[in-house]
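Going down the list, the protein sequences come from chains A, B and C. Numbered according to my numbering, the first sequence spans residues 1 to 214. Numbered according to my numbering, the second sequence spans residues 1001 to 1214. Numbered according to my numbering, the third sequence spans residues 2001 to 2256.
In short, the hints are calculated from the structure, not lab data. Since we're looking at a predicted model, the values are computed, not measured. Please note that a few of the clues may not be correct.
Derived pair list, reagent style DSSO-like, types lysine-lysine, alpha-carbon separation capped at 30 Å [as the list claims (entries may be wrong)]:
hint, chain 1, residue 1, chain 2, residue 2
1, B, K1094, A, K68
2, A, K145, C, K2124
3, A, K140, A, K94
4, B, K1057, A, K68
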Amino acid sequence: MEDVQEESLFEAPPIAEQERMVEAILFATSEPVTVAELNARMPHGADAKEALEHLRKRYDGRGVSVVKVGEAWAMRTAPDLGFLMQKETVETRKLSRAAIETLAIVAYHQPVTRAEIEEIRGVSVSRGTIDQLLELEWIKFGRRKMTPGRPVTYMVTQEFLDHFGLESARDLPGLKELRSAGLLESRPPPGEPMADEDDEDENQTEMFEANEED
Amino acid sequence: MEDVQEESLFEAPPIAEQERMVEAILFATSEPVTVAELNARMPHGADAKEALEHLRKRYDGRGVSVVKVGEAWAMRTAPDLGFLMQKETVETRKLSRAAIETLAIVAYHQPVTRAEIEEIRGVSVSRGTIDQLLELEWIKFGRRKMTPGRPVTYMVTQEFLDHFGLESARDLPGLKELRSAGLLESRPPPGEPMADEDDEDENQTEMFEANEED
Amino acid sequence: MDGDTQFGEVEERLAAEALIVDVDGFEGPLDLLLVLSRTQKVDLLKISVLALAEQYLEFVERAKTLRIELAADYLVMAAWLAFLKSRLLLPPDPEDEGPSGEELAAHLAFQLERLSAMRDCAAKLMARDQKNRDFFVRGIPEDVTRVRKVRYTATLLDLMQGYARLKTRDDFRPYVMDRDHVMTLEQALDRMHGLIGYAGEWTDLLSYLPEGWETDPQRRRSATASHFAASLELVKNGAIQIRQTDLFAPIQIKAR
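Please build the complete structure, drawing on both the sequences and the hints.
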């Protein structure tokens, strides 16, 4: 392996060969692989990003496709062929309505605190609901909020994106409409100014803008 | 799902579509799939065998190939790309003092038993230390000693010589040289004869002569 | 026309009763308000919060007459909506501080709209193609062997220093000298193996000590200890029996 790397220090393999390599790596694993990891595994000088573009086109319309999952890439069967598959995998536990709604709120409002989730749903969120989503690896802890008590926030994970076939959180259905309708703002009840209002807006903007830069 | 099958009772999907189906099934199934199984899972009237042939040709020379495993079919990454399936993380660690001392004793006294190593080090040698050196392929088992219990002996390997840049174990500096190189700084307490120095050299000779017989 | 209205009222009442019976099915007052608001059959943006407040209060009243115990948060909401209703109906008091009834109503409408939107989103999310249901991952993943290469940094110098360290220690504490006064377990065992056949009777263990080891105290100690350990080993192997009749009495052995 080292030899290969040494050799190719001077010359990267042709792009067609790089495409084969990316194909093999993505094929071999069930988990999404980041471009950085691809580059690390491929010979020196290879450009996984470019090779990926070629590969993606090649698989366009095939039974298997190359999909982007957050910052990573994976191969997945085409959704229209799902009927051919034996559902060998254990069905995931049926999620409660509370869990599904909580998940949606985290996805659309991330990073979001538990108090904010409760504010939106109008009821308290049970520990079990959050735990279940954490266990499914659909949500994760984000950074703490800079408000009194420094509460933890929740965000969706790469596994969430992978599960729902999303390239990024930006691609959530209806996100734009919700934003323009002001429904993603954290609006404090009148007369109770929220200490973190500015911070909140900042966080939201930051997240989606940061995403948009990708 | 059923609808699709019902529909296709009358007309099989075009071969290109069948190829997609075979592709998706081979990709996602956890075991190689036989032609009979493929046909059973595909819409009525499909010809998995023909679709497989098309698919096989399509993947010819790609990073992934369609291979026959016994009577069944599967997809595998191309054998020449196997080197990509490794992720190497190099960690540099200093060999422990116990390991270095044990290694030194083996190098200077080979073939040497564990009991002898312990005698020289003055402390017991843990199984782990020996295992580590064996794993590093710096030491190997020599022939058993002709003493009661017929204990195994240890010797250094070619790998060891390569690593330390030695032609042979005989190139290891002797005790006198170590002393003149300032590596043995302590002088024996006056009046105590250094009984073991000559003895040492003798051992060395003996050891290497024995070695040469191998 | 009249009949229609009446029929509408009946329908509404039935619906309200159904709501009450189903009160456990609601996820709190906001959820209930959202369901009630749907009966207005208008866009949530144009909802009449006043009408909604009235509907809710009516609901709570009916629950009371039916002697249904409502959870505290339903009652808190009822109190708040009663307050909101009075604010909306009475002309604003210029002395009064705090938000106006319209502001409070707007916020409630916003909350309802937001909750409703999130529910739609949740439904849309769950309707998406899902992994291992609609699309699938690689069924035979190939292991990416994580080659953790530990590169050890031992050098020849380390090696020689290590050896030198050992040898230096020898210079200070020559083993050869020590060894003159030490009898190992193996040595004692070897000796006893040869002698044990002669011990048909109970014999003092100390009589087995080799010649020249009984007098020098250091040697005697070492030999006694190693012979004792060796005899235990032989007992374990079933070769001999061992006994000591009293504290500090001679230890005796006998072949089996």
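Now the hints, each set against the structure:
1. Restraint check: the Cα-Cα separation between B:K1094 and A:K68 comes to about 41 Å, which exceeds 30 Å; the hinted pair is violated.
2. Between A:K145 and C:K2124 the CA atoms are separated by roughly 29 Å; this keeps the pair inside 30 Å, and the hint holds.
3. With a C-alpha separation of about 20 Å, the suggested pairing of A:K140 with A:K94 holds against the 30 Å cut-off.
4. Pair hint B:K1057 plus A:K68 holds up; C-alpha atoms about 27 Å apart against a cutoff of 30 Å.
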